[in-house]
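J.: Taking the hints into account, I'd like the entire structure generated from these sequences.
Protein chains in written order, with our numbering: chain A, 1 to 361; chain B, 1001 to 1131.
Honestly, the hints are just simulated from the structure, not real lab data. Wrong hints could be hidden among the right ones.
Using 20 Å as the maximum straight-line C-alpha spacing, the simulated SDA-like pairs for lysine to any residue come out as follows [what the hints assert, rightly or not]:
(1) A:Lys357 to B:Asn1115
(2) B:Lys1051 to A:Ser77
(3) A:Lys357 to B:Gly1114
(4) A:Lys101 to B:Ala1010
(5) A:Lys101 to B:Leu1009
(6) A:Lys335 to B:Val1106
(7) B:Lys1051 to A:Arg342
(8) A:Lys357 to B:Ala1116
(9) A:Lys335 to B:Leu1129
(10) A:Lys335 to B:Met1130
(11) A:Lys357 to B:Gln1070
(12) B:Lys1051 to A:Asn331
(13) B:Lys1051 to A:Gly112
(14) A:Lys357 to B:Tyr1014
(15) A:Lys357 to B:Tyr1067
(16) A:Lys335 to B:Pro1127
(17) A:Lys101 to B:Gly1114
(18) A:Lys101 to B:Leu1128
(19) A:Lys101 to B:Gly1117
(20) A:Lys335 to B:Pro1131
(21) A:Lys357 to B:Glu1113
(22) A:Lys101 to B:Tyr1014
(23) A:Lys357 to B:Arg1111
(24) A:Lys101 to B:Ala1116
(25) A:Lys335 to B:Asp1092
(26) A:Lys335 to B:Leu1128
(27) B:Lys1051 to A:Leu332
(28) A:Lys335 to B:Glu1104
(29) A:Lys101 to B:Ile1119
(30) A:Lys101 to B:Leu1110
(31) A:Lys357 to B:Thr1112
(32) A:Lys101 to B:Glu1011
(33) A:Lys101 to B:Arg1111
(34) B:Lys1051 to A:His338
(35) A:Lys101 to B:Ile1118
(36) A:Lys357 to B:Pro1072
(37) A:Lys101 to B:Asp1092
(38) A:Lys357 to B:Ile1119
(39) A:Lys101 to B:Thr1112
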Amino acid sequence: MSSEEKRDKPGRLLKTDKPVGITGYGAYLPRYRLPASEVSRIWTGGMGGKPIREKTVPGLDEDVVTMSIEAARNALSRAQIAPTDIRAVWVGSESHPYAVKPTSTIVAEAIGAVPDVQAADWEFACKAGSEALQATIGFVGSGMASYALSIGMDTAQGRPGDALEYTAAAGGAAFIVGDGASSLAVFEATYSYVTDTPDFWRRAHEVYPSHGDRFTGEPAYFRHVMAAAQVIMSDLGAEAGDFDHVTFHQPNVKFPSRVAKMLGFSEEQYKTGLLADRVGNVYAGSSLLGLSAILDEARPGDRILVVSYGSGAGSDALVMRVTDIIAERQNLAPKTSHYIARRTEIDYATYTRYRGKLLTK
Amino acid sequence: MNLSQNWRLAEQRYRLVGEICPHCGVKIYPPRDACPDCSQPAQERFTFSGKGEIYSYTVVLDAPEGYEEQVPYLIALVKLDEGPMLTAQLTDFDREPEIGDRVEMVTRKLRTEGNAGIIVYGYKFRPLLMP
Ligand SMILES: [Zn+2]
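T.: Here is the structure:
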């Protein structure tokens, strides 16, 4: 028998040899809120349907860099490590402020992780953050790094009047991955399901994205999220009932609620992580912000499933188990709910100024 | 300010890294390598907590070049809990501030050098997120 035949068929799941988990996490949401009724007032005379109640809007002095810095500081407060222990700062976003010049170097400098550190920006539409999180699991799991930081953060833009303008929002979350023994949640496995699907894109030098209307639902979001969730659950021998919490990429309220039910999850399981109604679609931060809200409330032993979705297209699925350490870390930084409660409502005119939609020269 | 000055100032501007005097314990910001109290050399680094209170403030309506985007904005003298006083913008206020208001440091966009230039980030102060 050749060595080729003896080798096990490679599994579909991504797993590490040694236990790896989340040692610290942190959320960020800007304070401004644009009610969907304001978008509807301007573009449909108030008669259009509204996919969410309201969305977050960044202030004039905020962008993916400043928002990532605050989320990273919150993650550091919870991880209780020195910033110089972090060996990678990886930021996933589709709204990096520079086309050329990494967001990650500015974040690494601001939190004090320079200069002995990997730094890079990740791109894959709304799954850039979960992809970066998977990479930190491998980086730490291989033993190359003790700790690694990944962030999913966006300040999404919708073309004025487009359906996306109701939901395109700003926010995200940061995660520090480290050794399983010092983790508040330990990963069981991750998995990615990827195909070439033209559902949503933005060409270089274009301000607003384009989308193929017929592609955004069934062949895109539902196909990839369902497949990623089904593979990771079946290969772990798990069923929907084995999870305490589940969260999905949430471009609106309808899609994640529907996909949860299709997979056999109850509202009890997905409600903690479903934030779209109050924050909108924070793109690369979306499912990760859901995870942050779940970790804020989680108890030791809870099992969590996270499934992201990025256009283009693909889904990352992650399964983790919460440890006893969670209780002592939850209150070391502001919770996701603190940022949701911090709320200043603005009208459409203020929104157009804050989002740079006015020509001033 | 040129690019290399920006780069040298990054540590104190992003993270409020100053100095502490090894002789009398005074905390120094911005760093100046000499103690303002006892005049001894002081080069030991000290990272400030970022918490403080508003000592005084003013509203800027007519901004210098590079700052026009964010008008109107608030400039304050902030007294850090560790002692030093510094000048900084206030942010996230949706009401008139009051002298003595507790504030905390955040890193935000200070100014942009046009559409093609660099974006300068640095500290500002906001009301406490969790009072
Ligand atoms: Zn002294």
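J.: The structure should be examined with respect to each hint, and the outcome stated for every one.
T.: Comparing the hints with the structure gives:
Between Lys357 (chain A) and Asn1115 (chain B), the direct Cα distance comes to roughly 14 Å. Compliance with the 20 Å bound is thereby established for this hinted pair. Distance restraint check for Lys1051 (chain B) and Ser77 (chain A): the Cα-Cα separation of roughly 15 Å lies within the 20 Å cut-off, and the hinted pair is therefore satisfied. Restraint check for Lys357 (chain A) and Gly1114 (chain B): satisfied, since their Cα atoms lie roughly 16 Å apart, inside the 20 Å limit. Distance hint between Lys101 (chain A) and Ala1010 (chain B) is fulfilled; the C-alpha atoms sit about 16 Å from each other, no more than 20 Å.
Taken as a hint, the Lys101 (chain A) and Leu1009 (chain B) pair is honoured in the structure, with Cα atoms around 18 Å apart against an allowance of 20 Å. For the hint pairing Lys335 (chain A) with Val1106 (chain B), the CA-to-CA distance comes to about 17 Å; that is within 20 Å, so the pair holds. For the hint pairing Lys1051 (chain B) with Arg342 (chain A), the CA-to-CA distance comes to about 19 Å; that is within 20 Å, so the pair holds. Distance hint between Lys357 (chain A) and Ala1116 (chain B) is fulfilled; the C-alpha atoms sit about 17 Å from each other, no more than 20 Å.
Proposed proximity of Lys335 (chain A) and Leu1129 (chain B) is supported: the alpha carbons are some 11 Å apart, at most 20 Å. At roughly 10 Å between alpha-carbon atoms, Lys335 (chain A) and Met1130 (chain B) fall within 20 Å of each other, so this suggested pair holds. Between Lys357 (chain A) and Gln1070 (chain B), the direct Cα distance comes to roughly 14 Å. Compliance with the 20 Å bound is thereby established for this hinted pair. Taking the CA atoms of Lys1051 (chain B) and Asn331 (chain A), the gap is about 18 Å. The hint holds against a cut of 20 Å.
Distance check on the hinted pair: Lys1051 (chain B) and Gly112 (chain A) sit about 18 Å apart at the alpha-carbon level, within 20 Å; holds. Proposed proximity of Lys357 (chain A) and Tyr1014 (chain B) is contradicted: the alpha carbons are some 28 Å apart, above 20 Å. Proximity of Lys357 (chain A) to Tyr1067 (chain B) is assessed by CA-CA distance (about 18 Å); at most 20 Å being required, the pair is judged to hold. Using a Cα cut-off of 20 Å, the hinted pair Lys335 (chain A) and Pro1127 (chain B) holds, with the two alpha carbons roughly 17 Å apart.
Between Lys101 (chain A) and Gly1114 (chain B), the direct Cα distance comes to roughly 16 Å. Compliance with the 20 Å bound is thereby established for this hinted pair. Among the hinted pairs, Lys101 (chain A) with Leu1128 (chain B) is inconsistent with the structure: their alpha-carbon atoms are about 32 Å apart, more than 20 Å. At most 20 Å may separate the alpha-carbon atoms for a hinted pair to count; Lys101 (chain A) and Gly1117 (chain B) meet this at roughly 12 Å. Among the hinted pairs, Lys335 (chain A) with Pro1131 (chain B) is consistent with the structure: their alpha-carbon atoms are about 14 Å apart, no more than 20 Å.
Only pairs whose Cα atoms come within 20 Å are accepted, and Lys357 (chain A) paired with Glu1113 (chain B) is accepted, the gap being roughly 18 Å. Between Lys101 (chain A) and Tyr1014 (chain B) the CA atoms are separated by roughly 17 Å; this keeps the pair inside 20 Å, and the hint holds. Between Lys357 (chain A) and Arg1111 (chain B) the CA atoms are separated by roughly 18 Å; this keeps the pair inside 20 Å, and the hint holds. With a CA separation close to 12 Å, the supplied pair Lys101 (chain A) and Ala1116 (chain B) stays within the 20 Å bound.
This hinted pair checks out: Lys335 (chain A) and Asp1092 (chain B) have alpha carbons roughly 18 Å apart, not beyond 20 Å. Distance hint between Lys335 (chain A) and Leu1128 (chain B) is fulfilled; the C-alpha atoms sit about 14 Å from each other, no more than 20 Å. As the CA atoms of Lys1051 (chain B) and Leu332 (chain A) are separated by approximately 16 Å, the hinted pair is consistent with the 20 Å bound. At roughly 17 Å between alpha-carbon atoms, Lys335 (chain A) and Glu1104 (chain B) fall within 20 Å of each other, so this suggested pair holds.
Proximity of Lys101 (chain A) to Ile1119 (chain B) is assessed by CA-CA distance (about 11 Å); at most 20 Å being required, the pair is judged to hold. Under the criterion of a C-alpha separation no larger than 20 Å, the hint pairing Lys101 (chain A) with Leu1110 (chain B) is consistent with the structure, at around 18 Å. A distance of roughly 17 Å separates the Cα atoms of Lys357 (chain A) and Thr1112 (chain B); the hinted pair therefore holds under the 20 Å criterion. At roughly 18 Å between alpha-carbon atoms, Lys101 (chain A) and Glu1011 (chain B) fall within 20 Å of each other, so this suggested pair holds.
Proximity of Lys101 (chain A) to Arg1111 (chain B) is assessed by CA-CA distance (about 17 Å); at most 20 Å being required, the pair is judged to hold. For a cut-off of 20 Å, the pair hint linking Lys1051 (chain B) to His338 (chain A) stands: about 18 Å separates their Cα positions. Restraint check: the Cα-Cα separation between Lys101 (chain A) and Ile1118 (chain B) comes to about 10 Å, which is no more than 20 Å; the hinted pair holds. Our distance criterion of 20 Å between C-alpha atoms is met by Lys357 (chain A) and Pro1072 (chain B), whose separation comes to about 18 Å.
For the given pair, Lys101 (chain A) sits about 27 Å from Asp1092 (chain B) by alpha-carbon distance, which is inconsistent with the 20 Å threshold. For a cut-off of 20 Å, the pair hint linking Lys357 (chain A) to Ile1119 (chain B) stands: about 19 Å separates their Cα positions. This hinted pair checks out: Lys101 (chain A) and Thr1112 (chain B) have alpha carbons roughly 15 Å apart, not beyond 20 Å.
Against the hints set out earlier in the document, violations occur for numbers 14, 18, 37.
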